[in-house]
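Chains as they are written, first to last, in the numbering used here: chain S, 1 to 193; chain W, 1 to 193.
Treat each hint with caution, since some may be false.
Because identical chains cannot be distinguished in the list, a pair is counted as satisfied if it fits within a single copy or across any two copies.
Using 27 Å as the maximum straight-line C-alpha spacing, the simulated BS3-like pairs for lysine-lysine come out as follows [what the hints assert, rightly or not]:
1) Lys3 with Lys21
2) Lys164 with Lys21
3) Lys47 with Lys36
4) Lys47 with Lys164
5) Lys111 with Lys21
6) Lys2 with Lys164
7) Lys81 with Lys21
8) Lys81 with Lys47
9) Lys36 with Lys81
10) Lys2 with Lys47
11) Lys36 with Lys111
Just so you know, these hints were derived from the structure itself, not from any lab. Just so you know, these numbers come straight off a predicted model, no measurement behind them.
In case you want the letters, here they are:
Protein chains: 2
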Amino acid sequence: MKKMQEKILAEGKILPGGVLKVGSFLNQQIDTKFMKEIGQEIAELFKDDEVSKILTIESSGIPIAVSAGFAMEVPVVYAKKNRSSNISGDVYCTSVHSFTHGNNNNVLVGKEFISSDERILIVDDFLAHGSALTGLIDIVEQAGATVVGCVAAIEKGFQLGGDKLRNDGYRIESLAIIEEMTDSEIIFREDQN
Amino acid sequence: MKKMQEKILAEGKILPGGVLKVGSFLNQQIDTKFMKEIGQEIAELFKDDEVSKILTIESSGIPIAVSAGFAMEVPVVYAKKNRSSNISGDVYCTSVHSFTHGNNNNVLVGKEFISSDERILIVDDFLAHGSALTGLIDIVEQAGATVVGCVAAIEKGFQLGGDKLRNDGYRIESLAIIEEMTDSEIIFREDQN
Chain S
1 MKKMQEKILA EGKILPGGVL KVGSFLNQQI DTKFMKEIGQ EIAELFKDDE VSKILTIESS
61 GIPIAVSAGF AMEVPVVYAK KNRSSNISGD VYCTSVHSFT HGNNNNVLVG KEFISSDERI
121 LIVDDFLAHG SALTGLIDIV EQAGATVVGC VAAIEKGFQL GGDKLRNDGY RIESLAIIEE
181 MTDSEIIFRE DQN
Chain W
1 MKKMQEKILA EGKILPGGVL KVGSFLNQQI DTKFMKEIGQ EIAELFKDDE VSKILTIESS
61 GIPIAVSAGF AMEVPVVYAK KNRSSNISGD VYCTSVHSFT HGNNNNVLVG KEFISSDERI
121 LIVDDFLAHG SALTGLIDIV EQAGATVVGC VAAIEKGFQL GGDKLRNDGY RIESLAIIEE
181 MTDSEIIFRE DQN
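Can you build the whole structure from these sequences, using the hints too?
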């Protein structure tokens, strides 16, 4: 998706420590026109895969998952971090390490929301070390459901989580893959489809 | 919105302690077809109000805000709980008490995302004591912007937060107002428009 690359170059900001700030359009403010296009792009990528449901994780994956859910006309489920009093009954649970916050979160999905006959598309905003996607894949597999594939809006290719998951046999689609990022420059992986 | 009342009666579950569980369509799993209708309903309610941006709070407000943002063709901003390393620079901050979790959260919005000339519609999933909406109103007013109004998907009328805000002069629209809730029955406020 060339458009994601262009959007990152136009509006992304590089902060010290290799943080790419995309708050103006993706994960603090949402550019709804652009977000709608992202959803349609995801729907196009997986149009032949009989996706029955989209799974994401709060919070910044939700807008992308909702937009894709609108385009694909399937329900969206989002995993919650920590147990909340309004999740009742049995949950699927996995532990996800956050490199951004330097902690581990229990990530939970009510068992009633994923059944074994489902074909799940996993969606998130960033793919770096791959810990969030790995956790979500674990939840889908605990449910005995099928992981159709994973979509990240932005992959940090140099942090290798995406390539590890690809080597494990999962279909991983990223709308932009950053191959290299300096304090002043962003270089995209050019062989991406 | 009669449809919201019908959806609550069809799919909502009452848990001990007065918790209404609507995870099957609103805040764990999202029924995207229904969520699209909610967004269109919100757009209709505020079609003459020149809304320039929608403000919500993570996580469960996001799907509703995104759907309304799609329908109204305006950007969405979501307030974050706690400081995250990918919010840089100056932020508007307020403290919001969570009755669900029994704690206080700092709620933050980057200053760059609300300017004083904006007309902001505030959106959330639940309105009970009104603490989240009050916090979001505070943020908009810190920015010197205009609060056009607030929308809650579901208001618990008996917890009085909505009526307090109405008495303070804010326009508060709720898609369903629960007047009374027992362990087995939900009674809606019937005089709602």
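### Structure versus earlier hints, numbers of those that do not hold, lowest first
8
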